[in-house]
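Given these sequences and hints, build the entire structure.
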Amino acid sequence: MKAQILKITSLITLILLLIIFSFTGILSLSINSLLNIGISQDIIYLVEILPFIGLTLAFFNIILGVNIPGHYIPIILIINTFILGLYLTIGLLLISLLIIYTAKYIIKSLHIHLAVKSSLIISIISLFSILTLPILAKTNIFNLYTGPFFIISIIIISIINEKFVDIKTSFKNIKNDFNILIKYFIFITLNFLLLGGKIYYWTTSQSFIEISILKNILQTIPEINLLIILITFLIGKYTGLRLTEIIRFRKLIFKQN
Amino acid sequence: MLFDSKGVLGINARNLLYIGPYNKKKSIEMADDKVKTKAFLSARNIPVPKLLTVIKNQKELTKFNYNYLPNEFIIKPNKGFGGGGIIPITGRKKEIFIGTDNQEYSLEEIIEHFYNIINGNYSLSGQKDQVLIEKLIISDDILSQFSYKGLPDIRIIVHNLVPVMAMLRIPTKESSGKANLHQGAVGAGIDMAKGEITHAIHHNQIIKEIVGFGPIKGIKIPYWDEILQIATKAQLATNLGYMGADIAIDKHQGPVLLEINARAGLGIQLANMAPLKKRLEKVAEIQVTTTAKGVRLAKDLFGHTVEKNVRSITGKKVIGLYETVDILHQKQVFPTIAYINTTRKKNYISIDLAKRLGLIKSKRQKDIFQTHFQLKFKLAGKKFISIFQIEKNIKKKYQIILGRKDLSGQFLIDTSINNILTENSQGKSNLFIANYNPLETDRKICKIAGQLKFLSYFRPLNFKQEIEKFNQNHFYNPQFRYQFNNDITENLQKDLHKIRYDSSDLGMLFQRKIEELNNYLNLINARGSSDLTFLSKSFLGFPTKEEIEDINQNIIEKTKSKTTKQQEITSEQLKETFEKTLHEYGIYNWKIVIKEKMIAKCIVSKTKKISIKANSFFSEQRVKDLIIHELETHLISSENGRKQKYQLFNYGFANYLPTQEGLAVYNVLSQSQDKDEANYKGIIAKAIFLADKHSFTELYEILKQLKLTDKSALDICLRVKRGVGDTSKPGVFTKDYCYYSGLKKVTQFINNGGNLIDLYHGKYSIDDISLIKNISTFNTPPIIPKWLQN
Chain U
1 MKAQILKITS LITLILLLII FSFTGILSLS INSLLNIGIS QDIIYLVEIL
51 PFIGLTLAFF NIILGVNIPG HYIPIILIIN TFILGLYLTI GLLLISLLII
101 YTAKYIIKSL HIHLAVKSSL IISIISLFSI LTLPILAKTN IFNLYTGPFF
151 IISIIIISII NEKFVDIKTS FKNIKNDFNI LIKYFIFITL NFLLLGGKIY
201 YWTTSQSFIE ISILKNILQT IPEINLLIIL ITFLIGKYTG LRLTEIIRFR
251 KLIFKQN
Chain L
1 MLFDSKGVLG INARNLLYIG PYNKKKSIEM ADDKVKTKAF LSARNIPVPK
51 LLTVIKNQKE LTKFNYNYLP NEFIIKPNKG FGGGGIIPIT GRKKEIFIGT
101 DNQEYSLEEI IEHFYNIING NYSLSGQKDQ VLIEKLIISD DILSQFSYKG
151 LPDIRIIVHN LVPVMAMLRI PTKESSGKAN LHQGAVGAGI DMAKGEITHA
201 IHHNQIIKEI VGFGPIKGIK IPYWDEILQI ATKAQLATNL GYMGADIAID
251 KHQGPVLLEI NARAGLGIQL ANMAPLKKRL EKVAEIQVTT TAKGVRLAKD
301 LFGHTVEKNV RSITGKKVIG LYETVDILHQ KQVFPTIAYI NTTRKKNYIS
351 IDLAKRLGLI KSKRQKDIFQ THFQLKFKLA GKKFISIFQI EKNIKKKYQI
401 ILGRKDLSGQ FLIDTSINNI LTENSQGKSN LFIANYNPLE TDRKICKIAG
451 QLKFLSYFRP LNFKQEIEKF NQNHFYNPQF RYQFNNDITE NLQKDLHKIR
501 YDSSDLGMLF QRKIEELNNY LNLINARGSS DLTFLSKSFL GFPTKEEIED
551 INQNIIEKTK SKTTKQQEIT SEQLKETFEK TLHEYGIYNW KIVIKEKMIA
601 KCIVSKTKKI SIKANSFFSE QRVKDLIIHE LETHLISSEN GRKQKYQLFN
651 YGFANYLPTQ EGLAVYNVLS QSQDKDEANY KGIIAKAIFL ADKHSFTELY
701 EILKQLKLTD KSALDICLRV KRGVGDTSKP GVFTKDYCYY SGLKKVTQFI
751 NNGGNLIDLY HGKYSIDDIS LIKNISTFNT PPIIPKWLQN
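As they're listed, the protein sequences go chains U and L. At position 30 of the first sequence (counting the first as 1) the number is 30 in this note's numbering, and the numbers step up by one without a gap. At position 214 of the second sequence (counting the first as 1) the number is 214 in this note's numbering, and the numbers step up by one without a gap.
Hint data in this document are derived by calculation from the structure and do not stem from the laboratory. The structure presented is a predicted model; accordingly, all values stated were derived computationally and were not measured. Glycine included, every Cβ here is placed at the ideal spot set by N, Cα and C. Please note that a few of the clues may not be correct.
Unchecked claim - Simulated pairs of lysine-lysine, PhoX-like, Cα-Cα distance not exceeding 20 Å:
1) L:Lys378 <-> L:Lys346
2) L:Lys591 <-> L:Lys608
3) L:Lys405 <-> L:Lys376
4) L:Lys208 <-> U:Lys251
5) L:Lys278 <-> U:Lys255
6) L:Lys591 <-> L:Lys613
7) U:Lys255 <-> L:Lys208
8) L:Lys608 <-> L:Lys595
9) L:Lys25 <-> U:Lys2
10) U:Lys251 <-> L:Lys278
11) U:Lys255 <-> L:Lys6
12) L:Lys282 <-> L:Lys293
13) U:Lys2 <-> L:Lys24
14) L:Lys6 <-> U:Lys251
15) U:Lys237 <-> L:Lys6
16) L:Lys299 <-> L:Lys278
17) L:Lys25 <-> U:Lys7
18) U:Lys7 <-> L:Lys24
19) L:Lys128 <-> U:Lys117
20) L:Lys317 <-> L:Lys378
21) L:Lys498 <-> L:Lys376
Claimed, not checked - Here are a few chain L residues that sit away from chain U, every Cβ distance over 12 Å (derived from the structure):
22) Leu52
23) Tyr68
24) Ile98
25) Ser144
26) Phe373
27) Phe384
28) Gly409
29) Gln410
30) Asn437
31) Asn462
32) Glu546
33) Tyr585
34) Ala600
35) Asp710
Said to hold, decoys possible - If you want the ones that stay clear, here's a sample from chain U, every Cβ over 10 Å from chain L, calculated:
36) Ser119
37) Thr220
38) Phe233
In structure tokens form, the structure reads like this:
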């Protein structure tokens, strides 16, 4: 009884807050003041897209039944995509994954403590990052952002990869890791596209695809994020079958008919 | 809801509607901790695998003594999931450990694996963990026959104390002997009422059979009721409202609870082709107060519906085209296979069966097919009296044809539950009985045979008092009284009737054994009545006049001047001698006990026990004879029988007793040249012959005239008058005729060029040797007496 009352109270409070935020335009006021201080709109946008990424994550997991591993990794990857561009993010992800597997193969056979093995892997990745920087700089494939953000992004991807490919897992999991990688690619590409990122036909091309509807709405009416949060909440209450389950249990479902 | 799930439970509903509301955090934490779960449930009398040791952290790991590890054990992470980190070890060669797939693990690899477990490689959320080392479970024969190494287990979903759905998980080569569906194991749905397999899936696809084995539909899970009880009790104890219980069946221990699962997967629905949410909703509102009620509800609500529905609507039982039928004739039961043919009006019987029933002893061939016979029979629990005609063309696969005349209005025939006529590799037609599993049939028969302690029923309640009266006055005919347990015998007969077999060699042996057990039960029911003699003679045999003449000439005449031997060896000394002999044969696992209440001086039982009568004395010759008779014949046969695939080799196939006893006496004759035992058996045969016509006291006097001691004469009278009530009247129990008849048969067998070693595969009749050799596990018995070893 108490639990039910608490549930209802929380729901009502949330709805009330959403209504208040929507009507008072408090988010818009806050963003305007940031712009006035001098913070770039593009940086603010990186914060604004987080609820939408959360929504797509929930949608993929709960409605479609495609499990995107990790809570923060996909979000960080998408943000990195806006910093480095889609191709660079994916490329770096792939290459660093390859470096990690190679490093694991060499280090696994060394008879040293497990904790030290992980440290060595991270060190190898950072060395790789430093070595590739001059090459990348010469190719001039920076997209939206340059300078300090780039280095941070490289390091973040490297750390994600270390988490992504744990020293503890064996080589039998390569197929599993590859499947996860494909899921990430699809997820970050979809989000990048929906959130107004430019996907060039190739790194050196001037032609690109851009869907800027959602970007325009988010930047014009930031309060729309409250609606996104509400939809995310409703997805959290969904108890129906996931799409993958409908496929998996189709014989059983249609047998009932 | 975006899509109507039709009662199929998905992960979203499972998490939000069942795990969240019903599984409290504390209960989930305990379920995730195998050590805590084991201790908790074991304290509440729920059987769990034996825990050998736990290695809690790296400090304990460094101090661990690996010599402590037995040859067989299983390594598990305490908080593992999905079967990860589990390594069963089935053997050990010094510091090399052998896994289920004959993989070899060095000690270093085992240590590294322990290290990885402790570091949390296999635990939920990657936290530090503990290593569990448990006793390895050897799977029950019925389940292991179609699984690839590993341990098959049964996953049962329990909600509100009702087991709602169950699945057998069968390891395959693809899953490397693991029972996880995601890794390639087969999932087989189980009918909740009958405990029989319904459907099977592999990688979410329905399959009709298991590669290398064949169809598994209809195979019954042993200990089914017990398994349901364990699952329900585990839920009651752990308070997990939505729970998956994983139960394995150990060959020796029976069902054991491997682990409980607070987040049971959903593939069980495909294995059963039934939606889980519908079942969960059905039981949610029912008030279930006890585990027994929960199990009953599960069977009533979720058992096989079609047959039940039809039966509940029509009131008629559903049968197939081929059914086992019991013919009740002359107080005996003859189980046989019947073909239900509704295109024919009348009933027909084969010539073979008619001969067996004694219906056509001396009729002319012409008359046979025109004569009608009235027979009683039992089909699907219903008794009928009907007219049968002999038919020439009845196939060997079945013995009778039942027409529509008797069956109309009584049954419904479902061709889908039918038995199939197949051909075996020799091109011989074989009647494959639906739901027939030879190992299960063997187990059931042995269970009944084990429960039926036949001779114990024949010890009178007032034995001591009546013997005392006789000893005081040799003109007194004891009046024996027996304990009557008609319920027990009736229930055993019902159980026998339910046992299935086919018409293969093995099926025929099963059929004969079932018939024999039925006859034993009829004999038990006939104690103290006038029917005992008739049944005993029909079933256990009776000496012929020629045999008695032979006994008179060759035994009684020649033993008139028998000298008694000095009996110096006590029961305790005999026990020591036996132990020494067994050790010489490398047999260490038999128990030798000294017992008070025994008629015979020494008995070898099927349960690895030798009983010696207390306060007895034996001569040296007698000890030698006992070793040959009891140890080097019966015990060795029993040990060899135990090593066979079918346990009936140990319990004894039909009519094994004359062969075993005959072999024992023959061995004594040939090895110790002591004719006393053989002669004694001849005298018993004569006593049986005489007891049919004389009272107890008359028989006693006659035996005294044969120069037998008072004690021997009394012993023989007691043996042959067992089961008789009023011993003042003629009456006999002919069981001990088997010694004489068996000796004759074995002697004939040897004289005809037979090999004694062929009689040591287990316990069976000499007449069944050719069938036995077809089903025996080994070409040569593993243990044979010393004198046959060359």
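**Q.** Contradicted hints - numbers only
**A.** Going through the list in order, the structure violates no hint and respects every one.
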